[in-house]
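Student: Each chain is listed here by its residues.
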Amino acid sequence: MTSDMVSLATIDEPTNAALPPLFAAWFASRGWSPRPFQLALVEAGAKGQSVLLTAPTGGGKTLAGFLPSLIELSGAEAAPSTASRSPSPAKAVEEKEGGYVNPVIARLKAKAAARPRGVHTLYLSPLKALAVDIARNLDAPAREMQLPVKIETRTGDTSVHRRQRQRHSPPDLLLTTPEQLALLLATGDAQRMFGNLRCVILDELHALAPSKRGDLLSLDLARLSVIAPGHRRVGLSATVDDPDPLRRFLVPQARGENRMALHIRGAPGATPNVSVLASDEDVPWAGHMARHALIDILQQIKSAKTALVFVNTRMQAEFIFQQLWSINDENLPIALHHGSLSPEQRRKVEAAMATGTLRAVVCTSTLDLGIDWGAVDLVINVGAPKGASRIAQRIGRSNHRMNEPSRALLVPANRFEVLECEAARDALMHGELDGEKPRHGALDVLAQHVLGMAVSSPFDADALYGEVISASPYRNLPRADFDKVLDYVATGGYALRAYERYAKLKQTPEGLWRIANPRIAQRYRLNAGTIVEVPMLKVRVVRNYRGPRATYTGRVLGQVEEWFLQQLTQGDTFLFAGQILRFEGIVETDAIVTPGPPGNPKIPSFEGGKFPLSTFLARRVREMIADSKRWQFLPEQVKEWLAIQRLRSLLPRADQMLVETFPRGSRHYLVCYPFDGRLCHQSLGMLLTRRLERIGAKPLGFVASEYSLALWALRPMYHLDMNKLFDEDMLGDDLDAWLAESALLKRSFRQCAVIAGLIEKRHPAEEKSGRQVTFSSDLIYDVLRSHQPDHILLQAAYEDAAAFALDINRLGDLLRRIKGNIVLKRLDRVSPLAVPALLDIGKVPVGMEANEYLLAEASEDLIAEAMKVD
Amino acid sequence: MSETKFAVNGATLVADRSGALWWPDERVLVVADLHLEKGSSFARTGQLLPPYDSRATLSRLNLAVTRFEPKTIICLGDNFHDREGPDRLDAESKGMIALLQRKRRLVWIEGNHDAAAAVVLGGESAPEIEVGPLVFRHEPHQGRAKGELAGHLHPVAIAVTRARHLRRRCFVSDGERCVLPAFGAYTGGLDVFDPAFAPLFPESFQAFLIGRDRVYPFAHSSLAAE
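Respectively, the protein sequence lines represent chains R and L. If you read the first sequence in my numbering, its first letter stands for residue 37, the second for the next number, and so on. If you read the second sequence in my numbering, its first letter stands for residue 5, the second for the next number, and so on.
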């Protein structure tokens, strides 16, 4: 790779570049003038430099990414800069002297015809809808400037005919998703398609990079660097706290060097106008539904042209949507949008939004990313913001005209959320964002990639290892791990070498690894990708339920997770797609429902949301509680709540953790307040329970929230040595013992097994339902764990579970932070701060660990025992 | 730990949490659908499942044998996942099967997946056998079959509990006959409300669900259909 890709510089909008006349004229014809960052990208493009562009949403960021490619494809030269890579100096001079349009176009066409075949610029987006939308938007400049450029998309929806044509006669600009790229790279056509690649544009890179999809993408980029050395990359990203990991992601890495792409920052945009709802109603002690704030939310919608109402979970979305309509006297057009609705229904809402016929959309994170809707002038966020970056992204969905401030309202659903919203508002005012956790490339993803590379052509293990460690997530991958992954792909990686004869990869006499037969390539194609769906069932509405044997043909409203439906019994009512539905039964892969009665539906489960409170925001909340001078913006009730807490118990310093103990009823409680997110607290709760059991406190249960953890037991706990109880050593044996049994680890294993190709996502003949995958992967997990606990997929599953499902890293940080900083308060009754936690008891679903107890309780034996008369 | 007992055609049987059925009066241990070498069967088609399933299945069987010390072991068919299974079985697993037969009778009932396992591994082999009031066969007969113990269907049932539905392998019985759960490590299951079970238990049945610590009886009315 060229050395100018290695740059530590960050530039803030240099302006010494200029657009070629054709482009300048086009900008002028639209009444636009190029933004400084757009010019900076043009200049970097001409030099062949890779860049990370961070800028607020909108404002011509995407166009900036494409400009250098369009200019290059047009044959014009960009900035008359000394370093520009002109194919011939004469032309550059001619360009400077010229500047009138018509001869230029003529010359461009001639030049384009001479350009080597293949994709010139590859655009990758996390959403296929976004790729399609961008292709449409590029059509205008290409047409109006008569650029000789062929622009095409390739997604799962692209016809077979078109895909084939693309492979033989590739477009100049190809817009697609990382999964499609992986499939293309695993064909023999990769060299022909991408051999002359000049540029890769990665959109929404901040969302894509820190995930398994990002891992796969990084490996595919590494392969592109081999196929087309010297191509440059453009990363488009929202503003991030630390851009360096993304800058590294964009360029090939080398051991011992710190290679990063150039960083160009767009203007920060106006400071957003953010407020926290100060409702006249009582602020609830607990809960997540913001019932008290509905009238205020509707008022706000009325005050805006178009509002987006963001919530954290699908349940909240359904609830808020239904409640808003129940008080929507003016019949304002308010719609609902979340990932479980049927695609047609979502497209309808998106289309209505684009034409400006809606006043509000209640939505989940499905609208965090994606298509620009210029008309949105208010963002309302209901519930906990969770993180400053996340809320900044959501707020950025309003007012895409750069110079006007975005307007946003944060609506806390309970008292702790008031604190969190205030902390988030404060961070936004100061332009501060969360840091991203560092992550290592996942091994299951690597396994999939290794197979894909063998499918494309036989490879040399040393060369592939070198390629893999040039991808930044894998830059520290030990060779031993790579070899284990290769061995896994070839023969399963089992200590019992039983499968040599069934190996998927075999070595040629020259020592290259190749696939054993063509069936393996076919299977790879059907199973590629890192998105493993949870088992879902279709929700089908019918007029009458005629039992489980009947055939039903009603309308499909969307899909719901199987685990949710399994909690329902016939007659239960729930909200979905904005309607009250009555659950009747599961017939094959459909959940059959009938229209429910009016009134209050039963919402049997509340999923706390996938996003834990960010470390950064948690620290700000702790600081706010500790410092009463910072309470000035808080509502009176919340101030009073904190003041009484200080009086009755205490308010800890920001570096301390408060532990309270008190008796209540026949139980003894221990409540602590780490503010480290529900996942982390849940893991802490599991581990503390084991420990309390061992020392004879007879723990009975616990409940974890985003802010606190409450445990209760038969014996008092005030006399325990808290520093010992919360000692870091719980992350040793206790953790391993608990994890091995944990349903979470089994779930992670299933994910890894599907991604790594141990279990098939789909068979060539029929689609395997998620239900079957779940069942057999648990059996495989049990057998593998008892016979080969160090298998590479168990290692991958453990790393996933520790990082995501259990937040073990964060728990480790927490335990280190509070070491010697625990303040214990023995109380004779519940404290104000503990009330929300106690109110949650009974509402939070019983953990998976309790399954055995649940079975015993439900079985006939219990009844028999109770009815025994002898 | 309490045992879960029930009667079939007058014989008192114990549903063991290993998935085996124990008949104390005759000292007979019954297991169904071992599906040995299922892992390697999949491996032949390119899906490299861990090759430890036969060992896992046989060690569990061995544990049950050590606990109950039966005079007779009856395997109710589908002993191997495919016909070539016995040839792929490794030496250690073969050794385990040889050990099972020491000082006791081992009967292989032939199922629809089986070649004669006895030829390779020793023991007797029969399409079905009768012992007292019970008859042992692989596939349950359609309609009434007094005293029949069979496998083939891999029953699982879904218990309705306070918090969620739980799906477990189970024994199914109406007092006249019993269908055993699959014993093999990689064997999946068929819901007891599947039409395949309807002709076997026309009136009602009890399901004995295998938990981690013991076996739990449920009336069919407190189970959910899948």
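It is possible that part of the hints are untrue.
[What the hints assert, rightly or not] DSBU-like, lysine-lysine: derived pairs with alpha carbons at most 35 Å apart: (1) R/Lys855 <-> R/Lys782; (2) L/Lys150 <-> R/Lys782; (3) R/Lys782 <-> L/Lys9; (4) R/Lys542 <-> R/Lys782; (5) L/Lys9 <-> L/Lys75; (6) R/Lys855 <-> R/Lys734; (7) R/Lys574 <-> R/Lys542; (8) R/Lys542 <-> L/Lys98; (9) L/Lys75 <-> L/Lys150; (10) R/Lys164 <-> R/Lys338; (11) R/Lys520 <-> L/Lys150; (12) R/Lys164 <-> R/Lys520; (13) R/Lys520 <-> R/Lys338; (14) R/Lys734 <-> L/Lys150.
[To be verified] Far from chain L by the CB rule (all over 10 Å, computed), these chain R residues: (15) Gly502; (16) Pro584; (17) Asn845.
No wet-lab data here; the hints were simulated from the structure. Heads up, the beta-carbon is just placed ideally off N, CA and C, and yes, glycines get one too.
Student: Please write out, lowest number first, the hints stated earlier that are contradicted by the structure.
Tutor: 2, 7, 11, 13, 14, 16
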